[in-house]
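Asks: Chain residues, written in single-letter form:
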Amino acid sequence: MSNEVALEIKNLTKVIGRKTIVDDLSFAVRKGEVFGLLGPNGAGKTTTIRMIVGLIGITKGSVLVHGVDVTKDFEAAMSHVGAIVENPEMYKYLSGYRNLLHFARMTPGVNRTRIDEVVQLVGLKSRIHDRVRKYSLGMRQRLGLALALLRNPSILILDEPTNGLDPAGIREFRDHLRSLASERGMSVIVSSHLLAEMELMCDRVAIIQDGKLVDIRSINEMKGDAPTAAQTTRFKVDNHELAMSIFAKADLACQPASESGELDVVLDPLAVADLVAALVHAGVKVSGVRTVTRTLEESFLEMTGEVRHA
Amino acid sequence: MLKLIQNESIKIALRLRTWIMAALIVVIVLVAAIVINAHLKPNANWKQTLLNQNAQAEATLSNPRVYMPPIDRLRLKAQVAINTYDIAHNLPPGHQDAWVFTTGALSVGQIGIVFVTVVAGDIVAGEFASGTIKALLTQPVNRTRIILSKYVSVMLVTLMMFALVLVSSIVIGGIFFGFNGIGEPLVFVNAKQVVTQMTTGSFITLGYAFALISGVMIVTIAFMISAVFRSSALAIALSIITLFVGVSLVQLLSSFTWDKYILFANTDLMQYITGGPPVTGMTMGFSIVVLAVYFIVLNAVSWRVFVQRDVSS
Ligand SMILES: Nc1ncnc2c1ncn2[C@@H]1O[C@H](COP(=O)(O)OP(=O)(O)OP(=O)(O)O)[C@@H](O)[C@H]1O
Ligand SMILES: [Mg+2]
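Heads up: the sequence lines are chains A and B, in that order.
The letter at position 22 of the first sequence is residue 21 when you use numbering that gives the first Met the number 0, and the numbering goes up by one with no holes.
The letter at position 280 of the second sequence is residue 279 when you use numbering that gives the first Met the number 0, and the numbering goes up by one with no holes.
By construction, these hints were calculated from the structure, which means they are not laboratory data.
Hints may contain errors.
[Stated by the list, open to error] In the SDA-like style, the derived pairs of lysine to any residue whose C-alpha atoms are separated by at most 25 angstroms in a straight line are:
{"no.": "1", "chain 1": "A", "residue 1": "133", "chain 2": "B", "residue 2": "18"}
{"no.": "2", "chain 1": "A", "residue 1": "91", "chain 2": "B", "residue 2": "155"}
{"no.": "3", "chain 1": "A", "residue 1": "71", "chain 2": "B", "residue 2": "307"}
[What the hints assert, rightly or not] Have a look at the derived ranges for each label pair, beta carbon to beta carbon:
{"no.": "4", "chain 1": "A", "residue 1": "27", "chain 2": "B", "residue 2": "288", "range": "54 to 60 angstroms"}
{"no.": "5", "chain 1": "B", "residue 1": "205", "chain 2": "A", "residue 2": "12", "range": "54 to 60 angstroms"}
{"no.": "6", "chain 1": "A", "residue 1": "195", "chain 2": "B", "residue 2": "300", "range": "45 to 51 angstroms"}
{"no.": "7", "chain 1": "B", "residue 1": "284", "chain 2": "A", "residue 2": "132", "range": "50 to 56 angstroms"}
{"no.": "8", "chain 1": "B", "residue 1": "307", "chain 2": "A", "residue 2": "162", "range": "27 to 33 angstroms"}
[To be verified] Covered stretches of chain A (in silico footprint by chain B; criterion: 3 or more residues with CB under 8 angstroms from a CB of chain B, positions within the stretch not fixed):
{"no.": "9", "region": "54-65"}
{"no.": "10", "region": "78-89"}
{"no.": "11", "region": "94-105"}
Quantities reported herein were computed from a predicted structural model and do not represent experimental measurements.
Heads up, the beta-carbon is just placed ideally off N, CA and C, and yes, glycines get one too.
Please put together the full structure from these sequences, using the hints given.
Replies: Set out below in structure tokens:
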């Protein structure tokens, strides 16, 4: 992955009526990077993507594709971009092949050889001459991906791309994306609310909530490989009430870990020793202390505030 | 641009309904020929019948005690003139040949326009309804070129529809009634209720040219409605309703002078050749200007709505 920026979003804002749906969003996607847009339903992921590909107007801010402003030179910008926005809808009365042929005519230099190539790549060869009407959802997703890849874009934008794929399909799809990014230097932007999927696919994710950027993290960072300031530490104690009052005195949030009856406390790792001393001093028997590696899901839920520590 | 037009034309051509409508047009022309043919009864005494008719008419016209509105008086005079002409040139009334039949088939063109309205009403709204608009607008082609290619394709369909009516009525008319008579004069009552004549060839040319202009205007309205609404069923229904309501509205409001500014009072330029305009004082020049203004405004609206609109869900 290089440091060259492929797509840059600056202060992107969308207001519809009185509602600010996307609020001052900024991020940059590097060449060869798989970049995730992560957020709960209604966070504004699709709206952001629609602005990037010019389907809806931009209230404020800008989208730069290799330095080209999408609103200023749409055709130049879009010649680098392949996209699927929400479900990939195609002409149902045409065959998959004719659909691809149709869109191939809209980009100079895309010929039948290229069509055969992408059809092969997405594994739709045996059914490509059937009418799209007869396709399953997964097959339509594959056709959508073929369409997005047709003009060999340097930036691929996919909104909830694994929707409708079976587990084998998802795995295959993930491998495609990883190899497109690492071997061809393609920048891929995927949106999803499926955290596990993001974890496996992305290099970095932007966490979005209520249209605002909460944070941008590399996946490794989120999984807790890199130590962060606060970590969850799990205490095994005999007297819960007493222990909790001591945590409260130290101004620490604490909640019982559901299955084991242990107590989870979020605190700076350096403060663990002092806290154990305080517990022992108060007569609480501490039979176990360990740090809990947070899953991506926990980080995400914490950041988007769907679960609050008591 | 040519490839975009090719795309749009292919999408129209690969739909079954397009061919059903084309086949219907040919069938209607065929049925018309069969019906007309069945009613062509050679009447040996037709000259005498016409002479009697004329004598009766002259009597009525010259009788000062018969009250008759001036317009009817003119029409009756015209009928007498046409009868006299037919007798002199040995043309039995209801005389048919491929060319006379082709002028009559112009009304099949009106049905054809309704069909083209369906295509036009669907061409933009249909992309929204099916969701394909997202793929269409995320290609490296700006929206102005997309809407233009769609408009051009709809115009090509209009042109082809009239070509189909023309060719099928010449062929079918020829088979049923023979081909002689293209240079023969066609006698008709002009806009001032005076009997006029024109060669059948010129009449056909003029008739189809004017029908095409009227077709273009109606299809342009349907196209604008299509660009504004995202449901193709609604766009198609609204376009057809506009067509029918528009035409009857003009007749209903013909006592008001501003009626002449309604588009549908001007779409049929043939009214200046035969029949006369709905509001007295209208001229062909006036109608052409009105049509041009509507044409520009309707297309400007379609373009602006399409280029500016947010494509969400
Ligand atoms: N055209 C519109 N008019 C008004 N509100 C809209 C419009 N489009 C989207 N919204 C609102 O904007 C918010 C963000 O929608 P968006 O589709 O971008 O979310 P998302 O992150 O893609 O969600 P999901 O995970 O469900 O796909 C939602 O609250 C939605 O109701
Ligand atoms: Mg979405």
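Asks: Counting residues of the region 54-65 of chain A whose CB is closer than 8 angstroms to a CB in chain B, do you get three or more?
Replies: holds (count 3)
Asks: Using the Cβ atoms, figure out if residue 195 (chain A) sits within 45 to 51 angstroms of residue 300 (chain B).
Replies: 49 angstroms, holds
Asks: Can you let me know if the beta-carbon spacing of residue 307 (chain B) and residue 162 (chain A) is within 27 to 33 angstroms?
Replies: 30 angstroms, holds
Asks: Take the C-beta atom of residue 27 (chain A) and the C-beta atom of residue 288 (chain B), compute their distance, and say whether it sits inside 54 to 60 angstroms.
Replies: 55 angstroms, holds
Asks: Sort out whether residue 18 (chain B) lies within 25 angstroms of residue 133 (chain A), counting only the CA atoms.
Replies: It holds: about 22 angstroms lies between the C-alpha atoms, which stays within 25 angstroms.
Asks: Could one say that the CB atoms of residue 284 (chain B) and residue 132 (chain A) fall in the range 50 to 56 angstroms?
Replies: With a Cβ separation near 52 angstroms, residue 284 (chain B) and residue 132 (chain A) satisfy 50 to 56 angstroms, so the hint holds.
Asks: Starting from residue 71 (chain A), check that the Cα of residue 307 (chain B) is at most 25 angstroms away, please.
Replies: 14 angstroms, holds
Asks: Tell me if the straight-line CA distance from residue 91 (chain A) to residue 155 (chain B) falls inside 25 angstroms.
Replies: OK: residue 91 (chain A) and residue 155 (chain B) at ~24 angstroms, within 25 angstroms.
Asks: May I ask you to test the hint 54 to 60 angstroms on the CB atoms belonging to residue 205 (chain B) and residue 12 (chain A)?
Replies: 58 angstroms, holds
Asks: Establish whether the coverage given for the region 94-105 of chain A by chain B is satisfied; the threshold is a Cβ-Cβ distance below 8 angstroms, and no fewer than three residues must meet it.
Replies: It holds, with 5 qualifying residues against the three required.
Asks: Are there three or more residues in the region 78-89 of chain A whose C-beta lies closer than 8 angstroms to some C-beta of chain B?
Replies: holds (count 9)
The structure fails none of the hints (numbered hints given earlier).
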